[in-house]
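Protein chains in written order, with our numbering: chain A, 1 to 166; chain B, 1 to 321.
Keep in mind that a hint or two might mislead.
[Said to hold, decoys possible] Straight-line Cα separation of at most 27 angstroms, BS3-like style, residue types lysine-lysine; simulated pairs:
#, chain 1, residue 1, chain 2, residue 2
1, A, Lys154, B, Lys40
2, B, Lys238, B, Lys317
3, B, Lys40, B, Lys97
4, A, Lys134, A, Lys29
5, A, Lys73, B, Lys97
6, B, Lys40, A, Lys158
7, A, Lys109, A, Lys154
8, B, Lys272, A, Lys54
9, A, Lys109, A, Lys134
10, B, Lys40, A, Lys29
11, A, Lys110, B, Lys40
12, A, Lys29, A, Lys54
13, A, Lys109, B, Lys272
14, A, Lys158, A, Lys116
No wet-lab data here; the hints were simulated from the structure.
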Amino acid sequence: MSNLMKSIIGTALALTALTANAQSGISIKNEAFIERVEVKPDGKKVTKVEPAVKVLPGDEVIFVITYRNGGDKPATDVVVTNPIPKNMTYRTASGDNNEVTEVSVDGGKKYDQLEKLSVDKDLKVRSTAKVVRKAVPSDVTHVRWRIAGALAPKSEGKVRLRAVLN
Amino acid sequence: MFGFLKNLSLVLCSASFLASTVYAVQANTLISNSVTMDFKVDGYDFSANSNVVSFYVDEVIAFTLIANNPSGVLTQSPQAKVPLSFTLTNQGNGNEKFLLSGGQSVVDDFDATLPRIYIDINNNNIYDDTIDVLHIPGVNDPILAPGFFLNVFIVSDIMPGISAGDESRLALTVDSETGPGIVGAIFLGAGDGGVDAVMGFQGSSLTVENRYVVTSAIATIAKSQQINDPFGGNNPVKDAEITYQLALNVTGSGTLSNLVVRDIIPNGTQYKLGSLRFDGVPLTDAVDLDPGVFNGAQVNVSVPAVAAPATHVVEFKVRIL
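In isolation and in its complexed conformation, chain A is listed as follows:
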């Protein structure tokens, strides 16, 4: 395939995506932050939030996801889904507004509150097997936020995922 063809196809794909977004006016932005505790000369500890560029094992990363309806029509049935990044462990998730935060421990098949989910005692998959245990944060594979009601035009919301680098 010539570079020109690749470019045309790439442009066409991009246009399709842009069209969809242009039609809906919906955008979603993902940012990663890390909290650093600084000790001031007077001994006071100040927590600073800075972009996560380089992270150490054990550090907790905060992913801030901003979803926005820039269009002129309301969006409904809005669901934001975040698979837990490889090499990270889920800690908590939350939202600013009336999002319903749910997690999955089976790769995104079933979502619910963490305390209502269970996994096989040995295998990290949900199962109908009799020997199960309650799911714990390290079992979580996906987080999703269901936005209740409609996302009005020119409005936005933020949701957050905190995960620890293994």
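Let chain A serve as the given structure and place chain B on it in line with the hints.
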């Protein structure tokens, strides 16, 4: 801690072994996160993907050093090539080169002679001077991958004349090549793949002490035999005569008292009366003033005191029935 040392790393990988613990994600790993959003507008389904946000994993320099003989290694005086064993484990998430050095304590009883550092190349935690590799600073400093450990020996000679109970303390010091630095020190670009490295909980240097403890004299017996058959050969046939020699070897320091060398006459043989010798001097079989006795089933030779080092030989003969 990488780059020009890669070849060495390959060599030393064979000497280090993966510890059982599961370690953190390796330094320089790229972590990426992306989010999707599904929604409806005017009843039509749409989906949007977020940008991908990513960051690199920095390196934590973390390692442990333990002495494998915390209560001391018993040694005799003199004794050559006595190893003290240590285990170095890379608990961090990156490859790290370690500098090894040894030191003698000034508050112990004596200095060990010629302490040198060996790398336990076959990881059996047993010093073998035909297999294990002499550490030469700057030449074969070990590089450990994350989660790998390495046994290291300080091997010394113990000079003669050291009293029982005396101790010699030696320490192994391991320095992270990335250091020096205190806990939390950041080394820009010094981690694997150019990520930053952060000095872990132990700091950049660990020193652990181990010690030699000189024991009192130790007695060992080595038994050998010589067969002379009636036909001028050395076959264990009927009427062949076996000469047994029991070499009593006392090493270490100090004096052993009230030693008794005993040997039971083997089944199928008969003790040759009057054949008992001590250092070549004949002993009678009866209980009397000389130290040797044959009681019908075994020979006993009493040795009131032996000052180390010394070797004495008990000899007797039997006939094959």
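Comparing the hints with the structure gives:
1. Lys154/A - Lys40/B: holds, 16 angstroms
2. Lys238/B - Lys317/B: holds, 14 angstroms
3. Lys40/B - Lys97/B: Outside the cut-off at roughly 56 angstroms; violated.
4. Lys134/A - Lys29/A: violated, 33 angstroms
5. Lys73/A - Lys97/B: The given pair, whose Cα atoms are some 60 angstroms apart, is violated under the 27 angstroms limit.
6. Lys40/B - Lys158/A: holds, 19 angstroms
7. Lys109/A - Lys154/A: violated, 32 angstroms
8. Lys272/B - Lys54/A: Not satisfied, since the Cα-Cα distance of roughly 86 angstroms exceeds 27 angstroms.
9. Lys109/A - Lys134/A: holds, 17 angstroms
10. Lys40/B - Lys29/A: At roughly 18 angstroms apart (the allowed maximum being 27 angstroms), Lys29/A and Lys40/B satisfy the hint.
11. Lys110/A - Lys40/B: Answer holds: Lys110/A to Lys40/B is near 21 angstroms, not above 27 angstroms.
12. Lys29/A - Lys54/A: The given pair, whose Cα atoms are some 20 angstroms apart, holds under the 27 angstroms limit.
13. Lys109/A - Lys272/B: violated, 90 angstroms
14. Lys158/A - Lys116/A: Holds. Lys158/A to Lys116/A sits at ~25 angstroms (cutoff 27 angstroms).
The earlier numbered hints that this structure contradicts are 3, 4, 5, 7, 8 and 13.
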